[in-house]
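Peer 1: So the chains spell out like this:
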Amino acid sequence: MLHYLLTLAIFFAFFAVEAWGLNLQFGLTGILDFTYITFVAIGAYFAGVAAMTPSTNGGMGGSYIFGWQLPFPLSPVIGGIAAAMLGVVVGIIGLRRLRSDYLAIVTVSVGQIVWMVIGNATPLFNGWDGIVGVPQPYNSVMNLSTNNYEWPFLGISVIVAAIIFWLVRSLTESPYGRILRAIREDENVAAALGKNVFRYRMSAFVIGAFIAGISGALQIEYIGAWNPSGWTTLETFIVWAAMLVGGRGNNRGMLLGAFLVPVLFTEATRWITIPAHPLLMEAIRGMAIGLLMVLAVRFRPQGVIPERKRVFPLTTIPGLKEDVANGHTAQG
Amino acid sequence: MAIPLRDNMLVVKDLRKSFGGVKAVDGVSFDVPRGTITGLIGPNGAGKSTVVNSLSGFHGVDGGSVMFDGTDITNWPSHKVAQRGLIRTFQLARELRSLTVFENMLLASNDQPGQTSWQALFLRKKIRDSERDLLGKAVDLLKRFNLFHVRDEYAGNLSGGQKKLLDLARALMADPRLMLLDEPMAGVNPTLAGQLQEHIRDLKDEKGITFLLIEHNLRIVESLCNHVVVMAEGTILAEGNMSALRENENVVRAYLGG
Chain A
6 MLHYLLTLAI FFAFFAVEAW GLNLQFGLTG ILDFTYITFV AIGAYFAGVA
56 AMTPSTNGGM GGSYIFGWQL PFPLSPVIGG IAAAMLGVVV GIIGLRRLRS
106 DYLAIVTVSV GQIVWMVIGN ATPLFNGWDG IVGVPQPYNS VMNLSTNNYE
156 WPFLGISVIV AAIIFWLVRS LTESPYGRIL RAIREDENVA AALGKNVFRY
206 RMSAFVIGAF IAGISGALQI EYIGAWNPSG WTTLETFIVW AAMLVGGRGN
256 NRGMLLGAFL VPVLFTEATR WITIPAHPLL MEAIRGMAIG LLMVLAVRFR
306 PQGVIPERKR VFPLTTIPGL KEDVANGHTA QG
Chain B
25 MAIPLRDNML VVKDLRKSFG GVKAVDGVSF DVPRGTITGL IGPNGAGKST
75 VVNSLSGFHG VDGGSVMFDG TDITNWPSHK VAQRGLIRTF QLARELRSLT
125 VFENMLLASN DQPGQTSWQA LFLRKKIRDS ERDLLGKAVD LLKRFNLFHV
175 RDEYAGNLSG GQKKLLDLAR ALMADPRLML LDEPMAGVNP TLAGQLQEHI
225 RDLKDEKGIT FLLIEHNLRI VESLCNHVVV MAEGTILAEG NMSALRENEN
275 VVRAYLGG
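From first to last, the protein sequence lines are chains A and B. If you're matching positions, the first sequence starts at 6 in the working numbering and goes up one per residue. If you're matching positions, the second sequence starts at 25 in the working numbering and goes up one per residue.
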């Protein structure tokens, strides 16, 4: 049981990081990214092959690129950068157009292209079979069994999640984040006030992709394997559901959403099986995710924890302290 | 590349813009003298909005040039035009709904630290300090426009009139040298319209801001503008002060409905 709870806690960290990245893209900036999981996958693949030993081409491990045997903090960074670079490419294609619906179509297409290419171009990441045997961070020196390794890996995940939380929080609560929210509301107004809308959308999209890649990197270094059946459209919409339920625009809401949807709703129900129809439960889960999104958008579009209202205490404004003391704040 | 002309804030020369086969603006030239409120009038479809969008960089032009305070800004993107000090407003109030009034104001400032992602991460103290100064500036403007009591309200919850005032106040946070007001009085009750006129006149006198005002109400134009440009069918019909234009036969026929 403890082993199981630890696993759930580790997955919670993965999904929280995923949700923060998507929240930066959609929750803050309003960019419709319907292939978010592709950035997670690219991060996973590149981190994986950066950490693995060189491919023996056709041997037991299959064939793949790189094989650089990089240690832990470096391999996820490689994964994050690779995902960010894909973000740049998608952004150049899709973000020049100011309207977001064009990008949504571009993301779906790019996701499909990347999926097919990775599946069919076996020399890249061993095709449909995927890569296996990705080393767990530092376990070559710690030599822990799978069960005992969960504690140190939980530690690693929490540290990474904390860094990402600091990152998204700093971005959100800054003039930069304010500009992103303004672009979400009305990009023409933002442009008329001197903001380079394309550059901001691009940077939010790419940073979001980087965060997705970091989450993917963590996942592959925990699971040790990755193949195309693990990242399909359904995985994208699980993150979307987490974001919408948690409360788009709110980084704390992402924590809640990541707990409620992927952890509680998806992972913790894995033990429910219908023996006569082994695939049925998975299908029901997919339908339930779709239903959850519809219900969230229909009945509580702001999510469980809505975006925080920023209030500026007048005491922090120079020259206003007297007004406050004399009670002259009600009218201007 | 300052070109010494008579002191004009804006010089538009032979501006052309077509949409498909329609020549929306067909060789338009006019000046906006510094420190004036210049009116731009004309019947619907005259091309006024196309001129506004061309000047403010919201779409490119097919020909002609735009000089703003000695700089050629022809075909500049909108954000660069705005950063230069030419700020436009829109016909309908465009408040950023889920930002508070204060946030709407702070957003408009372009010289604050923390506007890029790197600064947001690593200049947190500097951001706090500059934010405090900007809040002071915002407070002054909000008091001036009687919006101070709704400062922490979401802009989407303001009344229609308050949104119009916020539009103007927000634009002022960007320290404009030239303001392009696209029908600021449209759909506004007479009392508020009177207030807006007062504000515009005061801003010109106190802060020396130059205005290009698009307006359909000729009484307002007459009382505010010393210089008026009349457009019709994509061209300039006449220029001058309002009383002279009332005598102009072409203008009367095209617009004044005499």
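Simulated from the structure, these hints should not be mistaken for lab results. Remember, it's a predicted structure, so these values are computed and weren't measured experimentally. Incorrect hints may have been included.
[To be verified] Have a look at the derived ranges for each label pair, beta carbon to beta carbon: (1) B:GLY211 - A:ILE164: 29 to 35 Å; (2) B:HIS240 - A:ARG315: 35 to 41 Å; (3) A:ILE110 - B:GLY84: 23 to 29 Å; (4) B:GLY160 - A:ASN152: 19 to 25 Å.
[Stated by the list, open to error] In silico BS3-like links for lysine-lysine, alpha-carbon gap of 25 Å or less: (5) B:LYS187 - A:LYS314; (6) B:LYS149 - A:LYS314; (7) A:LYS314 - B:LYS161; (8) B:LYS187 - B:LYS167.
Every residue gets a Cβ at the ideal spot worked out from N, C-alpha and C, and that includes glycine.
Peer 1: Could you run down the list of hints and mark each one as holding or not?
Peer 2: Hints and how they fare:
Distance hint check: the CB atoms of B:GLY211 and A:ILE164 are about 55 Å apart, inconsistent with the given range 29 to 35 Å. For B:HIS240 paired with A:ARG315, a C-beta distance near 37 Å keeps the hint of 35 to 41 Å intact. Between A:ILE110 and B:GLY84 the beta carbons are some 25 Å apart, a value that agrees with the proposed interval 23 to 29 Å. Between B:GLY160 and A:ASN152 the Cβ separation comes to about 59 Å, which falls outside the hinted range of 19 to 25 Å.
Between the alpha carbons of B:LYS187 and A:LYS314 the distance comes to roughly 19 Å, so the proposed pair stays at or under 25 Å and holds. Distance check on the hinted pair: B:LYS149 and A:LYS314 sit about 22 Å apart at the alpha-carbon level, within 25 Å; holds. Straight-line distance between C-alpha atoms of A:LYS314 and B:LYS161 comes to about 21 Å, which keeps the hinted pair within the 25 Å bound. Restraint check: the Cα-Cα separation between B:LYS187 and B:LYS167 comes to about 15 Å, which is no more than 25 Å; the hinted pair holds.
Violated hints, listed in ascending order, are 1, 4; each of the other numbered hints is respected by the structure.
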